[in-house]
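Peer 1: Numbering-wise (the working numbering), the sequence shown opens with residue 168 and increments by one.
Everything labelled a hint here was simulated from the structure, so no lab data went into it. In this text the structure is predicted, and so the values were computed from the model without any measurement. Careful, some of the hints might be misleading.
Unchecked claim - Pairs of lysine to aspartate or glutamate, DMTMM-like flavour, derived with a Cα cap of 20 Å:
(1) Lys176 / Glu217
(2) Lys176 / Glu234
(3) Lys176 / Asp233
(4) Lys176 / Asp228
(5) Lys176 / Asp198
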Amino acid sequence: MSVSLSDWKSRDFLESASPDDLEQCLSEGADPNVRIEDGETPLHVVGTREGVELLLDAGADPNARDETGQTPLHAAARDSECTPEEVELLFDAGADPSA
Numbered sequence: 168m169s170v171s172l173s174d175w176k177s178r179d180f181l182e183s184a185s186p187d188d189l190e191q192c193l194s195e196g197a198d199p200n201v202r203i204e205d206g207e208t209p210l211h212v213v214g215t216r217e218g219v220e221l222l223l224d225a226g227a228d229p230n231a232r233d234e235t236g237q238t239p240l241h242a243a244a245r246d247s248e249c250t251p252e253e254v255e256l257l258f259d260a261g262a263d264p265s266a
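Construct the complete structure from the given sequences, taking the supplied hints into account.
Peer 2: This is the structure:
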């Protein structure tokens, strides 16, 4: 799949992007804290442990809030496919459980 920076602000892209696609966008200058739909960041919607790790390594804010005040940790708690490893990565990066 060919990806471009214009894909970066697409929730659909971020939910299904492979780690290689995410890495390509980040290497081309994609902002890991860009706001997409409803004020979410890529970390709110990325669909894999590897994606979470790549975003955090690129400087994604684990405590960024969307328009409703939800953080990536809240999004992870709502996601039935989220793994304990993804949650652990968020905590290790400083996600605030009391947010």
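Peer 1: Now tell me if each hint is right for this structure.
Peer 2: Evaluation of the provided hints:
1. Lys176 / Glu217: At roughly 19 Å apart (the allowed maximum being 20 Å), Glu217 and Lys176 satisfy the hint.
2. Lys176 / Glu234: It holds: about 16 Å lies between the C-alpha atoms, which stays within 20 Å.
3. Lys176 / Asp233: Holds, at about 14 Å.
4. Lys176 / Asp228: 16 Å, holds
5. Lys176 / Asp198: Holds, at roughly 10 Å.
Every hint from the earlier list agrees with this structure, and none is contradicted.
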